[in-house]
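Peer 1: Here is what each chain is made of, one letter per residue.
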Amino acid sequence: MKKTIVSIALGAAAIFAASAVSAQTLNNVKNKGQLTCGSNTGLAGFGAPDDKGVWKGLDVDVCRAIAAAIFNDATKVKFVPLSSKDRFTALQSGEVDVLVRNSTWTMSRDTSLGLNFTGINYYDGQGFMVRKKLGVSSALELNGASVCTQQGTTTELNLADFFRANKMKYEVVAFATSDETIKAYDAGRCDAFTTDASGLYAERLKLTNPADHIVLPEIISKEPLGPAVRHGDDQWFDLVKWVLYAMVNAEELGVTQANLDQMLKSDNPEIKRLLGTEGKFGEMIGLSNDWVVRIVKNVGNYGESFERNVGEGSPLKIKRGLNALWSKGGLQYAPPIR
Amino acid sequence: MTTEADRGAPRVSPLYDPKVRGIAYQVVLALVIVFVVYEAATNAIENLRAAKIASGFGFWTVEAGFDINQKLIPFSSTGGSTYGDAFLVGLLNTLIVAAFGIVLATILGFVIGIARLSKNWIIAKLSMVYVEVIRNTPLLLQLLFWYNAVLKPLPDPRNSVSLFGAIFLNNRGVVMPTPIAGPNFDWTWIATLVAIVVWIVLSYVARKQQAATGKRFPANLIGFALFIFLPLIAFWAAGGPLTFEYPKQSRFNLTGGMQIYPEFVALLLGLTIYTAAFIAENVRAGILAVSKGQSEAAHALGLSNGQTLRLIVVPQAMRVIIPPLTSQYLNLTKNSSLAVAIGYPDLVQVFTGTVLNQTGQAVEVIAITMLVYLTISLTTSFFMNIYNSRMALVER
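Listed in order, the protein sequences are those of chains A and B.
Heads up, the first sequence is in the working numbering, so the first residue is 1 and it goes up one at a time.
Heads up, the second sequence is in the working numbering, so the first residue is 1001 and it goes up one at a time.
No lab work stands behind these hints: they were computed from the structure.
In this text, all values refer to a predicted model and were calculated from it rather than measured experimentally.
Do not rely on the hints blindly, as some may be mistaken.
[What the hints assert, rightly or not] In silico BS3-like pairs for lysine-lysine, Cα to Cα no more than 27 angstroms straight-line:
1) A:Lys280 - A:Lys241
2) B:Lys1334 - A:Lys183
3) A:Lys317 - A:Lys52
4) A:Lys56 - A:Lys76
5) A:Lys167 - B:Lys1019
6) A:Lys133 - B:Lys1248
7) A:Lys167 - B:Lys1248
8) A:Lys76 - A:Lys132
9) A:Lys133 - B:Lys1152
10) B:Lys1152 - A:Lys132
[Claimed, not checked] Here's a subset of chain A near chain B, in silico, CB distances under 10 angstroms, partners left out:
11) Leu134
12) Thr153
13) Lys169
14) Asp212
15) Val215
16) Glu218
Here a beta-carbon is modelled for each residue, glycine too, at the ideal position from N, C-alpha and C.
Using the sequences and the hints given, assemble the complete structure.
Peer 2: Here is the structure:
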């Protein structure tokens, strides 16, 4: 019911609000003194508050990096937890300035929802988790199974595609939030639980006995997850896009939180342009020229954020895989700052 | 000499004429409302276009590409079902849970309401505790409780509880054999129809007879017996043309047979038990509104306790009960949208959940959903008002 009220409120906002679309997002954020960032309601490693109520995660770090680039202060972010079915409406109606909430970039979302994806901060794919005692070792053995999933996601559609393509039957049980979904799976309502592979590892931690469950090897879809902004404000679109690229470029050039001060003295022209000691790249997106220095100092480069939140330095221990830099066999590739 | 009346009403300027003023205010108000609605609509269209958000109802015939577990009409991602079909599936799921809920809540509510007035102390107090506990806790909490209460204690499908080797109970719901009608099964339907017609005619004749001669004839008893036995005889005569498709154990679930999902059971239980508490109070109020003299008079005339309740008290109480009962029915229907919390695919869950998110057309989807609930509620009110006017006091 609460969800419905949110949807209705957002619908009403869409009707009565004066045009929410304007090229003023950066000015609005500066005037408010903080960035409003649409976040997950709680997905470990990507966006969740810790035991002290501080938001942590790979997606959260993108928000913090944007705030750092604008205010030189990574704490000037207000996180708005959004369920998967409310997230795009919240962005459309102007409730949040940017949506960084493990959202999959698809053509229909990019074209008909009035929003733009600015890049890909995590290459993911959908997988399945089952109980060990079922003795299932492949997703192709799931014929006739009940599957719990969260509604309003690409997951729901991929699931239908996968079973259709493999001529298998299944029963879907869809819930509004990820918490309800994982609880129903834990209670035995379903044989399998499906979401993005990264999410499977994170959600498994919430189960009564995580060790009783295994993630099946199949990845059944491409899930490029990235930040999204509203249509119609190209300056803001560029800013969000280049904050993420700057984090990736910083990793590629070896600029870290620890060596930032030495790097500022570097003679490497690429590093000089990145850190703003040469050129006026920051001004091109409406920021000061030391914007990348602010990002790295407050948040770190992409690799540091990855390790801290989902990699070896976290309970999730996800390998870089597709998310390694292009120079190391992965897909993370940022256009040059030039 | 002229009187006041001859001169007619005193002439006043139209500016101060209350009638003219009243009309003028109404016109202004109507214009303001029209203007606001027009502005809101054009503003919304303009905003959606500026934001490049798809609008219009073109999505209705687009393939949905997702699945729904409980469906009363065929719906599948393989069969090319559309968002319009998804809407219908959701709507039917809402209607079926509301219909069952209304019937069950009415029965339970009447029982509890009458029990609360019982002379038996324990029954009366138990009913009171039921009403107070259920009425004063949030429905959402109760739904979550029932969902877990239904789900948690049941075994997984491999260890299903089996009744007569045909009906299976597990944490995926109840699975029953599907009856499949044979070629001569139509005779059973015809016999049922005949029995109903005879029952109606019998009770009409019996009423006429009682009004004319005072003699009573057990029309309902005979009618009910016919209703049960006539179809059975026809069924037996036709050679028992009915087979069953039994559920079979497969790797994960039982396949084949009819399935009742735990989400449906939990929602139905929650709505019934919650609404029954309110109905019980309406019933109690209605019965207490009938003055004590009525039942005393009935007893004095030699009517039994049951007859007094059935013939004297309830018909008079109904006049007080029906109007609040109508609003309880409307509440139950609207409350069924809380299904979203326990994964029951009702209209709100399917349409404003999945469809809204896949299409991104919040304004259209929310507008349609509101319109549907409005239509259901107005229809329910309409029929309850007809019933109310039939039960109302007829002045002779």
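Peer 1: All hints, please: hold or fail.
Peer 2: Hint-by-hint comparison with the structure:
{"no.": "1", "hint": "A:Lys280 - A:Lys241", "result": "holds, 17 angstroms"}
{"no.": "2", "hint": "B:Lys1334 - A:Lys183", "result": "holds, 26 angstroms"}
{"no.": "3", "hint": "A:Lys317 - A:Lys52", "result": "holds, 22 angstroms"}
{"no.": "4", "hint": "A:Lys56 - A:Lys76", "result": "holds, 14 angstroms"}
{"no.": "5", "hint": "A:Lys167 - B:Lys1019", "result": "violated, 74 angstroms"}
{"no.": "6", "hint": "A:Lys133 - B:Lys1248", "result": "holds, 21 angstroms"}
{"no.": "7", "hint": "A:Lys167 - B:Lys1248", "result": "holds, 20 angstroms"}
{"no.": "8", "hint": "A:Lys76 - A:Lys132", "result": "violated, 44 angstroms"}
{"no.": "9", "hint": "A:Lys133 - B:Lys1152", "result": "holds, 18 angstroms"}
{"no.": "10", "hint": "B:Lys1152 - A:Lys132", "result": "holds, 20 angstroms"}
{"no.": "11", "hint": "Leu134", "result": "holds, 7 angstroms"}
{"no.": "12", "hint": "Thr153", "result": "holds, 8 angstroms"}
{"no.": "13", "hint": "Lys169", "result": "holds, 8 angstroms"}
{"no.": "14", "hint": "Asp212", "result": "violated, 13 angstroms"}
{"no.": "15", "hint": "Val215", "result": "violated, 18 angstroms"}
{"no.": "16", "hint": "Glu218", "result": "violated, 17 angstroms"}
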